[in-house]
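Student: Sequence:
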Amino acid sequence: MALEHEKNNKDGLPYEHYKELFSKIDPIEAATRCNIPYDEEKKIFTIRLMGTNYNIEHPTGEVRLDDGKEPQEFNITILLYRYLIEGSYGPTSGKHLTYSELPSGDLYLRQFTGRCKTRFAYGFGFNVGGFKAVMEALGAEDIGQGDAGYRFEFINGIYLTFILWAPDEDFPPNSQILFEDNFPLAFSTEDAAIVGDIAINIMKAMSKALK
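Take -15 as the starting number for the sequence shown in the working numbering and just add one per residue.
Since the hints were derived computationally from the structure, they do not count as laboratory data.
Be careful, since some hints might not be right.
[What the hints assert, rightly or not] Keeping only pairs whose Cα atoms sit at most 25 Å apart, straight-line, the calculated DSS-like set for lysine-lysine is:
#	residue 1	residue 2
1	LYS188	LYS116
2	LYS79	LYS101
3	LYS79	LYS53
4	LYS53	LYS27
5	LYS26	LYS53
6	LYS116	LYS26
7	LYS116	LYS79
8	LYS3	LYS101
9	LYS53	LYS3
10	LYS116	LYS195
11	LYS8	LYS192
12	LYS26	LYS101
[Unchecked claim] If you anchor each label on the Cβ, the simulated ranges turn out as follows:
#	residue 1	residue 2	range
13	ILE12	ALA117	36 to 42 Å
14	ARG94	GLU25	43 to 49 Å
15	LEU169	THR30	16 to 22 Å
16	LEU49	GLU125	38 to 44 Å
17	LYS195	ASP51	20 to 26 Å
Cβ atoms here follow ideal geometry from the backbone N, Cα and C, with glycine treated the same way.
Go ahead and model the full structure; you've got the sequences and the hints to work with.
Tutor: See below:
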């Protein structure tokens, strides 16, 4: 599933910067902190992101999918490096947070709304069936909200909930994106917009493939 290349992260720091930082982590500590499988013999982390395994070799930072191919989604690779460098995993209580309820989320809400909520609403509000097909392919949990609402695993043990309302004669399409309360341990609030963007990119690519 080829997505757009993005070699720079939100701060303008290059892919190579995070690859170098990744090379310096203690892999055993990172695997424990992030609750990610690590094969000590092969020196490979395996992170499952929306149904696809990303196998990351340490310390080289080389990434391969299960079929041996190198992924082209540099934004995903940078996010996975950042998670292993800075993030951590903790169990969720099941509480859901809106973006504005994340730490300092109110400061970036306008950007998140345009980049993720509005994009999702207009990307699938006129194609609710396509959204449902993608969620079913991912084995997502139907939460019975909106015209379509699903809880799905973004990466190992970190879940998102996407809710969609189709347009009618009075209202345009609308959406909500929710994060479980273990999300702030794994990613920064600014990274949440990147997470949402990646999830929507993958859903759009899957929707085209499922037609």
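Student: Indicate, hint by hint, whether the structure satisfies it.
Tutor: Results for each hint:
1. LYS188 with LYS116: Holds. LYS188 to LYS116 sits at ~12 Å (cutoff 25 Å).
2. LYS79 with LYS101: Judged against 25 Å, a Cα distance of about 20 Å means the pair holds.
3. LYS79 with LYS53: Since the Cα atoms of LYS79 and LYS53 sit roughly 37 Å apart, the hinted pair is violated (cutoff 25 Å).
4. LYS53 with LYS27: This hinted pair holds, its Cα atoms lying about 18 Å apart.
5. LYS26 with LYS53: holds, 17 Å
6. LYS116 with LYS26: violated, 38 Å
7. LYS116 with LYS79: With Cα atoms ~23 Å apart, LYS116 and LYS79 stay inside 25 Å; holds.
8. LYS3 with LYS101: Since the Cα atoms of LYS3 and LYS101 sit roughly 30 Å apart, the hinted pair is violated (cutoff 25 Å).
9. LYS53 with LYS3: holds, 18 Å
10. LYS116 with LYS195: holds, 12 Å
11. LYS8 with LYS192: Cα-Cα ~39 Å, so violated.
12. LYS26 with LYS101: The hint is violated at about 40 Å.
13. ILE12 with ALA117: 36 to 42 Å: holds, 40 Å
14. ARG94 with GLU25: 43 to 49 Å: With a Cβ separation near 48 Å, ARG94 and GLU25 satisfy 43 to 49 Å, so the hint holds.
15. LEU169 with THR30: 16 to 22 Å: holds, 20 Å
16. LEU49 with GLU125: 38 to 44 Å: Check failed, 25 Å falls outside 38 to 44 Å.
17. LYS195 with ASP51: 20 to 26 Å: About 22 Å separates the Cβ atoms of LYS195 and ASP51, which means 20 to 26 Å holds.
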